[in-house]
Amino acid sequence: MSHPSAVRIFLKTIVARAFPRFVGSYRNRTWIVTETLLPLIGTIAMIYVYRALHAPARYLGFVVLGGVLLAFWQNVIWAMATQFFWDRGQGNLELFAMAPTSLAAILLGMALGGAYLS
Amino acid sequence: MDIAVETRALRRVYKTRSQEVVALDGVDLRIGRGERFGVLGPNGAGKTTLIKILVTLLLPSSGAAFVDGLDVVTQFRELRHRIAMVSGGENVGFGMLKVKEQLWMFSQFYGMPSNPAKRRIAELLERLGLSDAADRRVSGLSSGMRQKMNLIRGLITNPRILFLDEPTVALDVGAARDVRDEVRRWMAEDASRTVILTTHYMMEADELCDRVAIVNRGRIVAQGTPAELKQQVQQNAIVDIQLSPGRRLLDALREVAGVAGASVAEQDGIDRFTLLLSSDAALGGVMRIVEGSGREIRGLQKREPTLEDAFVKLVGRGMAEEEQG
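Protein chains in written order, with this note's numbering: chain S, 1 to 118; chain A, 119 to 443.
There could be a bad hint or two in this list.
What the hints assert, rightly or not - Counterexamples of contact, computed for chain S against chain A with all Cβ distances above 10 Å:
1) Val15
2) Leu38
3) Val76
To be verified - Selected chain A positions facing chain S (Cβ under 7 Å, derived; list incomplete):
4) Leu175
5) Ser179
6) Phe184
7) Arg198
8) His199
9) Met214
10) Met223
11) Tyr228
12) Gly229
13) Trp304
Think of the hints as simulated: they come from the structure by calculation, not from any bench. The beta-carbon is built from N, C-alpha and C at its ideal position, and this holds for glycine as well.
Whenever a hint applies, use it, and build me the whole structure from the sequences.
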């Protein structure tokens, strides 16, 4: 029996697993609060702490940049972790594991979806 | 016989810190290609463990299992292209996706080209009467529609062997019939396809399966065609007695001389006992127990044996038996 190549399955899996995150960003808008507003408040808090320490003002731009990057990666990793936990509870993980694909591709798809949303 | 599934002395032990639980204890099974094979057993018998090993989700502790000629432990990558599993009451997927989107997503995990996958999905949605729901969100489906969608998910990739784990559980009569009809139709399209089904519904197994195996406490206690299994209780008289609720009777009835097996199920506030009697004379002893209990007899019938009766005889209790009797 001939099957699609492992590379083809790997790439298709990444796109397919990211797909619910892409679609979700339009159909379920709660991310605006959890992935935009809350990180923004976190970054603002960092700036206030930095200024309270009387640190040099010329480095303030790095604080903003650091806050944004921290929020970005936190969103990606947090989204992946919650999705993974949710997939396990729903029974999705079993179906992913049963498919002739790689779990690494599933994780990459989740990360790609999370990165897009962030 | 061309073999689709074979297990040899298959054993699976779950270990916790304090104990070991033997879920499968030396299961030997041979399922022919083209068969609709049922695996029956009470809760905790080992059915799901067996299925999970066969679909490569669990490793056996010892023994061997081959599906479509491939070893489930060493050749699982190739095997996963050839099988699919659908479980009853599945809530898998993503509620925000539309039905056709969700089905497309799962098809991509098998590397299917998008356009053929979409055509196949449309065809299966049509066949199962779900075309109108193709653009509905998964979260808005009824349980019957959701299960049909799950069945479609299992069929998109055209597996050679389809595993169905309680596929009609909690479905209404119409939806369950549609699922069974589709399984039959799918099998009829290609003689080399095989279905392995676990179910709690004896009538479903009797109606759908060419052969069944009864699993109890990790072992296969009997296997054969439904007719062969029913023959095992052919020499018994089967008596159904409906009693008003009251004190526990099941153990006392099982101890009456001539009672080969007994089970009970509660329905509409009435305890429905099924007794397998090795001779009609045992009925006297049964009636004495019933009269002594003070329970009111609401009905009593003698009837032809069913697969459920064979199950009761082999396992010692009914599939849906609760301990209220």
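Per the CB criterion, is A/Gly229 less than 7 Å away from chain S?
3 Å, holds
Quick check on the hint: A/Ser179 CB to chain S CB, less than 7 Å?
19 Å, violated
Taking the closest pair, is the beta carbon of S/Val15 still more than 10 Å from chain A?
7 Å, violated
Can A/Met214 be said to touch chain S, with a Cβ gap under 7 Å?
Constraint on A/Met214 satisfied, holds at 5 Å.
10 Å Cβ clearance of S/Val76 from chain A
18 Å, holds
Should the interface hint for A/His199 be scored as holding, given a Cβ-Cβ cut-off of 7 Å against chain S?
5 Å, holds
Using Cβ atoms only, decide whether A/Tyr228 comes closer than 7 Å to chain S, and label the hint accordingly.
6 Å, holds
Against chain S, with CB atoms and a cut of 7 Å, does the hint on A/Leu175 hold up?
6 Å, holds
Please verify that the nearest CB of chain A lies beyond 10 Å from S/Leu38's CB.
21 Å, holds
Holds or violated: is the Cβ of A/Met223 closer than 7 Å to a Cβ in chain S?
The hint holds - A/Met223 has a Cβ within 7 Å of chain S, the shortest such distance being about 5 Å.
With chain S as the partner, please determine if A/Arg198 meets the hint condition of a C-beta pair closer than 7 Å.
4 Å, holds
Is the shortest C-beta separation between A/Phe184 and chain S less than 7 Å?
The hint is violated - A/Phe184 has no Cβ within 7 Å of chain S, the shortest such distance being about 16 Å.
Checked against the numbered hints above, the structure violates hints 1, 5, 6, 13; every other hint is satisfied.
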